[in-house]
Amino acid sequence: MLKILYFAGLRERLGQGSEELELPAGVSDVAALRDLLAARGGAWESLLTLRNLRYAVNQQMARLDSPVQAGDEVAFFPPVTGG
Amino acid sequence: MAELRVRVQEADFDVGVELAALRQGNPQIGAVASFVGLVRANNDGAGVSEMSLEHYPGMTEKALGEIVEEACRRWAIIDALVIHRVGRLLPSDQIVLVAVAGGHRGEAFAACEFIMDYLKTRAPFWKREVTPSGARWVDARDADDQAAERWQEPGTA
Numbered sequence: 001m002l003k004i005l006y007f008a009g010l011r012e013r014l015g016q017g018s019e020e021l022e023l024p025a026g027v028s029d030v031a032a033l034r035d036l037l038a039a040r041g042g043a044w045e046s047l048l049t050l051r052n053l054r055y056a057v058n059q060q061m062a063r064l065d066s067p068v069q070a071g072d073e074v075a076f077f078p079p080v081t082g083g
Numbered sequence: 001m002a003e004l005r006v007r008v009q010e011a012d013f014d015v016g017v018e019l020a021a022l023r024q025g026n027p028q029i030g031a032v033a034s035f036v037g038l039v040r041a042n043n044d045g046a047g048v049s050e051m052s053l054e055h056y057p058g059m060t061e062k063a064l065g066e067i068v069e070e071a072c073r074r075w076a077i078i079d080a081l082v083i084h085r086v087g088r089l090l091p092s093d094q095i096v097l098v099a100v101a102g103g104h105r106g107e108a109f110a111a112c113e114f115i116m117d118y119l120k121t122r123a124p125f126w127k128r129e130v131t132p133s134g135a136r137w138v139d140a141r142d143a144d145d146q147a148a149e150r151w152q153e154p155g156t157a
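If you're matching them up, the sequences are chains D and X in order.
Counted from 1, the first sequence has number 58 at position 58 by this note's numbering; the numbering is strictly sequential.
Counted from 1, the second sequence has number 107 at position 107 by this note's numbering; the numbering is strictly sequential.
Take the hints with a grain of salt, since some may be wrong.
[As the list claims (entries may be wrong)] Simulated restraints, written as ranges between beta carbons of each label pair: (1) ARG136/X with GLU73/D: 26 to 36 angstroms; (2) ALA20/X with ALA39/D: 47 to 57 angstroms; (3) ARG40/D with GLN28/X: 28 to 38 angstroms; (4) PRO132/X with GLY15/D: 20 to 30 angstroms; (5) ALA135/X with GLN16/D: 15 to 25 angstroms; (6) GLN16/D with ALA21/X: 19 to 29 angstroms; (7) GLU149/X with ALA38/D: 52 to 62 angstroms; (8) GLN94/X with GLY17/D: 36 to 46 angstroms.
Since the hints were derived computationally from the structure, they do not count as laboratory data.
Fair warning: this is a prediction, and the values are worked out from it, not measured in the lab.
Beta carbons: idealized from backbone N, C-alpha and C, even for Gly.
Generate coordinates for the entire structure from the input sequences, incorporating the hints supplied.
Printed below as a string of structure tokens:
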């Protein structure tokens, strides 16, 4: 299983903050997971169209080519604005 | 070895109490530099009546801890503290405290500014503000990225 988290404006657009997903065949990095989720259409296309979308794998900032495997926690979110 | 301290909380903090605790019992400390960030009553041309701060529990504490560790690696500081509030905040409320104790002011000032600049671009917090035309998520600023980039060490990406 994968745990997927969404935050801030992206969470609002998607209408959910988290989900669990069986790691689909052929998904081995963040980019492939993002494309798979975006293919749901509608608000999910935000994953492709939002400017400067950020990613984390297991609570570490990640890149599109960062590996993803079963058991990972993957997060998608807009650029951070704390401080 | 520095005692690293990071706290994410809804409650307000007392800067005087925190700074006193940071330097207590260590006569090697000759300088404490601190920064306090506040909720501004205006942003991007609109009045702000309230703000809420969301974060990524777990990753936030890790990211802040790593930023403080990196500051300890770069400067000979003695101790550091980061407190960041989450939840609902009003104009003039305190949002964040960064405090650094060192032997001398140079490393304390530099490490304090470094921690703040990295926090702005690497710690997973998001601000949502209420303006007269409705609520909106605050956009990230390019200036914050530039402020963080100037600390980039040669040979790193």
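Verification of the supplied hints:
Remark: the range hint 26 to 36 angstroms for ARG136/X to GLU73/D is upheld by a beta-carbon distance near 28 angstroms. Distance hint check for ALA20/X and ALA39/D: the Cβ-Cβ separation is about 56 angstroms, which falls inside the suggested range of 47 to 57 angstroms. In this structure, ARG40/D and GLN28/X break the distance hint of 28 to 38 angstroms, their C-beta atoms being roughly 57 angstroms apart. The hinted range of 20 to 30 angstroms is satisfied by PRO132/X and GLY15/D, whose Cβ atoms lie roughly 26 angstroms apart.
Here the CB-CB span from ALA135/X to GLN16/D is close to 19 angstroms, well matched to the stated 15 to 25 angstroms. The hinted window of 19 to 29 angstroms between GLN16/D and ALA21/X is violated, with their beta carbons roughly 40 angstroms apart. Against the hinted window of 52 to 62 angstroms, the Cβ-Cβ separation of GLU149/X and ALA38/D comes to about 29 angstroms, which falls outside the hint. Checking the proposed 36 to 46 angstroms range against GLN94/X and GLY17/D shows it is violated: the Cβ atoms sit about 27 angstroms from each other.
Against the hints set out earlier in the document, violations occur for numbers 3, 6, 7, 8.
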